[in-house]
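Given next are the chains, with one letter for each unit.
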Amino acid sequence: MKNSSNCNLIISGIGGQGINSLARVLANFFYQSGYSCQFTIHKGGAQSLGSVYAEFRISNEKQAILGPGIPEKQLDVLIALEPWEALRHIPLAHADTIVYIEQEAMPFFTERRSEPITDKELESPLAQLQRVPLSIHWQSYRNTALKNNGSIKMANYYAGLDCLNAIDQFFIHTSDNNSQSVFFDKLFFQQIKKARPVIENNHDAD
Amino acid sequence: MTDTRFGDGNDAIAWAAQDAGVNYIAHYPGSPVNRVINVLEEQELEQKYIINHALNEHIAALSVMGASLCGARSLLIMKHVGLNIAADPLNYSAVTQIKGGMVIVIGTDPGARTSTGEEDVHWYAPQFNLPLLEPTGVQGIYHFVQQAFDISEQIRLPVLIFVPGRLAYQSSLVTRSQTRSNMPLQEFSFQKDPDNLINVGKRAVNNHREHILRLQKFQENSIDRFSTHFNTLASFGVVTRGASYSICYEVINSLGLNDNIHLLNIELTYPLNINSVINFAQNKQKIIIIEDQDGFLETMIKREAFGLINCAVHGKDHFPVWGELSDTLIRDFFIREFNQVIEAISNENSLDIKINCPERPGSFCEGCPHRSSFYGIDKALNDIRQQQGKHSPASIGIIGGDIGCSSLPPHRTDWLLCMNAGIGMSQGIAHLLPEQNLVSTGGEGSLFHGGLIALQSAVENTINLTHIIFDNRSVAMTGHQDSPTSSDKVDLEKLLQAIGVDHIFIVGAFKSSHVTHAIKEAQKIQGVKVIWVQGDCALQPNKEALRRFKERKLFIHNELCDNCSLCFDTLQCPAIIKTVQDTLEIDLHRCRRCTACLDVCPNNAIEVDDCHEE
Chain V
1 MKNSSNCNLI ISGIGGQGIN SLARVLANFF YQSGYSCQFT IHKGGAQSLG
51 SVYAEFRISN EKQAILGPGI PEKQLDVLIA LEPWEALRHI PLAHADTIVY
101 IEQEAMPFFT ERRSEPITDK ELESPLAQLQ RVPLSIHWQS YRNTALKNNG
151 SIKMANYYAG LDCLNAIDQF FIHTSDNNSQ SVFFDKLFFQ QIKKARPVIE
201 NNHDAD
Chain G
1001 MTDTRFGDGN DAIAWAAQDA GVNYIAHYPG SPVNRVINVL EEQELEQKYI
1051 INHALNEHIA ALSVMGASLC GARSLLIMKH VGLNIAADPL NYSAVTQIKG
1101 GMVIVIGTDP GARTSTGEED VHWYAPQFNL PLLEPTGVQG IYHFVQQAFD
1151 ISEQIRLPVL IFVPGRLAYQ SSLVTRSQTR SNMPLQEFSF QKDPDNLINV
1201 GKRAVNNHRE HILRLQKFQE NSIDRFSTHF NTLASFGVVT RGASYSICYE
1251 VINSLGLNDN IHLLNIELTY PLNINSVINF AQNKQKIIII EDQDGFLETM
1301 IKREAFGLIN CAVHGKDHFP VWGELSDTLI RDFFIREFNQ VIEAISNENS
1351 LDIKINCPER PGSFCEGCPH RSSFYGIDKA LNDIRQQQGK HSPASIGIIG
1401 GDIGCSSLPP HRTDWLLCMN AGIGMSQGIA HLLPEQNLVS TGGEGSLFHG
1451 GLIALQSAVE NTINLTHIIF DNRSVAMTGH QDSPTSSDKV DLEKLLQAIG
1501 VDHIFIVGAF KSSHVTHAIK EAQKIQGVKV IWVQGDCALQ PNKEALRRFK
1551 ERKLFIHNEL CDNCSLCFDT LQCPAIIKTV QDTLEIDLHR CRRCTACLDV
1601 CPNNAIEVDD CHEE
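So the sequence lines, in the order shown, correspond to chains V and G. Take the first sequence: its letter number 116 is residue 116 in the numbering used here, and every next letter is one higher. Take the second sequence: its letter number 424 is residue 1424 in the numbering used here, and every next letter is one higher.
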């Protein structure tokens, strides 16, 4: 993987998917794991259903002076909870970018009056992403969360676990993945009070 | 004892004010500094400061001036466009010789990420003649706000601090250090001071002179409000400020130009201590000033250093005055400038990816009262048009739009410009074109900000205007601060009657047919009419809304549905979804049980199952 002291990470999705709360958990995770990090949450003016993304700049140098945004072609890790929101940031990627994407697309609510977003003139995000010369890890965060935790709201938890994997890959660590995820779990459930743990009987999932 | 934790620019402003012993805070909510007050409120009782949730920036500024004159450390917070409203009193803030430190934090928005415009408010600093500090990072925001209270008390002038959106919303570790307890309230008093406070005639001229002399002295003494980086001997100089600093630093570093460039970051951008720039320029052949927006720093340097610097000074001839300054723009500039020095940049790791991805600007939330209100407005205007026998699209009615959640996508109004533009611009159109099918709109926050005066002005001028107040009992867009209708302190109906509004229609937002009916009735009456549309913000549910959510379930009976699609295409509730069989279904994960869809369905195909409904 890239030999660099800085890793640039984007977590993207839609308002209401828990990007903001996940970003705060990850910031503490990275800090307590010995990295310096800064992040910015971009959510625009809308309270919900708009594009949201958290832009992380993680470094293993203590006093890194980095701009607030990720420079072009320097995105190292992209974790997307929705494929359109992955596509939006993919131009920032380089040939070694690590990419995890939820495969289920969400509608563009504001477009209902005009042409639907899935119209033939606009190619689906999955088709566009499949042409990108990157090895994409296609995920089902929503379904996994619904099945395991009984709520799609927990999709951000599974995206968070992929962030840990990706960052570990980037910095070529040989750390114990299990102890990392235990630590992440601790922070996640401490900081997000509404988070639901894994349910024992998956038949209860609504 | 130090305390280090993650915080964004908003947190840093609040923590610094607390640690500086702030006594009095006034604000008007606005992004990107919308969350400062929420952080301050969490400690309001413990810290014993007073918060004025002012109804506009003008009164916020004046109240802070009053508190400061009593000796209280005072903080004023607003967004950049709010400074236009506060400009009148702030022009006089300096002559009063304030006593307690007065700090004015302004959230700016290059790139207009959370605003209707990216107006550059730097020019207010020389207009007010107040010092302006510009931090470069989140920790810097903390230090500058703390220091600004001391500076303000030393020179008896308010101090401005500009925090751009990308720093206001950036999070990093913030170390809180020195703390100063706030003074007990009994120690404050107002001292009569006619020489400074009766500011008229010769006194006004003298106070102006005293103000300028104090500012000049501060300017001369501010010899260390800058930092330099990289090679002091380099003949190429870069001057920057604020959020542009870290981008410049990173680009220069990543291009390996550390030996070729000397970088100067200016913290006090007004008044500029020009000696720092003159010394910096001594061995330079060329200086480029890199900053976003209009080129304020460039103008100040060229003004102050005219005839004192021999090298070429550039700036906005290389960078745009619009949008945020990006890494790419700065990188491209240096690559052009140093093409002989920079080693060939390898492209082997880069990808050329073309995408087609539409903007996803967001929408009204599920259960938002504005969704059904606009459905009702659209229907009313269309019905009136039909009744008038007007069928061309050009004859569709006009909806005057305001700032706030009601202005969010899908942008149902005809303009989105500034506070009270709905009620204001509509008056001009209605005055000029009395037969025009038109309604003006605005939230209750805007109404109390300046809309009441606008409404009274319409009454005084006998303008034929129908104004719709969207009352969701919250300043929702900026983080759900209270509005006057959040409590029972004001009787809005009596208030409207008192300013001469004779026709007031009160309707529930989730019954769009009632909104439609009220507009059609109002349009039959001459004069000023108000339609007060009530419906709480979906993100601030009251007890009844929570009960509905828990106990109600809504279903679409497909056998009754004739696919008219009004609920899906026109109401556009995100909780109504299309199944793979092309039928409609209510997604109960999303549905807030507001039942706005029931009123829209002409076939009674939507059923609400409420076992506790009486």
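If you are wondering where the hints come from, they were derived from the structure by calculation, not from laboratory data. Quick caveat, the model's predicted, so the values are computed rather than measured. Glycine included, C-beta positions come from ideal geometry on N, C-alpha and C. Please note that the accuracy of each hint is not assured.
In silico DSS-like pairs for lysine-lysine, Cα to Cα no more than 27 Å straight-line [stated by the list, open to error]: (1) G:1217 x G:1202; (2) V:147 x G:1578; (3) V:147 x G:1553; (4) V:186 x V:147; (5) G:1553 x V:194; (6) V:153 x G:1578; (7) G:1550 x G:1578; (8) G:1316 x V:194; (9) V:193 x V:73; (10) G:1379 x G:1578; (11) V:153 x G:1379; (12) V:153 x V:194; (13) G:1202 x V:73; (14) G:1578 x V:73; (15) V:193 x G:1578; (16) G:1543 x G:1524; (17) G:1550 x V:153; (18) G:1543 x V:193; (19) V:153 x G:1543.
Negatives, chain G to chain V, calculated, CB over 12 Å [what the hints assert, rightly or not]: (20) 1089; (21) 1092; (22) 1213; (23) 1247; (24) 1284; (25) 1306; (26) 1325; (27) 1338; (28) 1340; (29) 1354; (30) 1358; (31) 1360; (32) 1363; (33) 1398; (34) 1482; (35) 1578.
Simulated restraints, written as ranges between beta carbons of each label pair [claimed, not checked]: (36) V:183 x G:1335: 18 to 28 Å; (37) V:179 x G:1565: 52 to 62 Å; (38) G:1191 x V:183: 55 to 65 Å; (39) V:143 x G:1392: 20 to 30 Å; (40) G:1191 x V:191: 41 to 51 Å.
Results for each hint:
no., hint, verdict
1, G:1217 x G:1202, "holds, 23 Å"
2, V:147 x G:1578, "holds, 22 Å"
3, V:147 x G:1553, "holds, 22 Å"
4, V:186 x V:147, "holds, 21 Å"
5, G:1553 x V:194, "holds, 22 Å"
6, V:153 x G:1578, "holds, 21 Å"
7, G:1550 x G:1578, "holds, 24 Å"
8, G:1316 x V:194, "violated, 49 Å"
9, V:193 x V:73, "violated, 36 Å"
10, G:1379 x G:1578, "holds, 24 Å"
11, V:153 x G:1379, "violated, 35 Å"
12, V:153 x V:194, "holds, 9 Å"
13, G:1202 x V:73, "violated, 62 Å"
14, G:1578 x V:73, "violated, 38 Å"
15, V:193 x G:1578, "violated, 33 Å"
16, G:1543 x G:1524, "violated, 37 Å"
17, G:1550 x V:153, "holds, 17 Å"
18, G:1543 x V:193, "holds, 21 Å"
19, V:153 x G:1543, "holds, 23 Å"
20, 1089, "holds, 28 Å"
21, 1092, "holds, 33 Å"
22, 1213, "holds, 38 Å"
23, 1247, "violated, 4 Å"
24, 1284, "holds, 22 Å"
25, 1306, "holds, 32 Å"
26, 1325, "violated, 10 Å"
27, 1338, "holds, 17 Å"
28, 1340, "holds, 23 Å"
29, 1354, "violated, 8 Å"
30, 1358, "violated, 7 Å"
31, 1360, "violated, 4 Å"
32, 1363, "violated, 4 Å"
33, 1398, "holds, 19 Å"
34, 1482, "holds, 17 Å"
35, 1578, "violated, 8 Å"
36, V:183 x G:1335: 18 to 28 Å, "violated, 42 Å"
37, V:179 x G:1565: 52 to 62 Å, "holds, 53 Å"
38, G:1191 x V:183: 55 to 65 Å, "holds, 58 Å"
39, V:143 x G:1392: 20 to 30 Å, "violated, 49 Å"
40, G:1191 x V:191: 41 to 51 Å, "holds, 49 Å"
Violated hints, in rising order: 8, 9, 11, 13, 14, 15, 16, 23, 26, 29, 30, 31, 32, 35, 36 and 39; the structure is consistent with all others.
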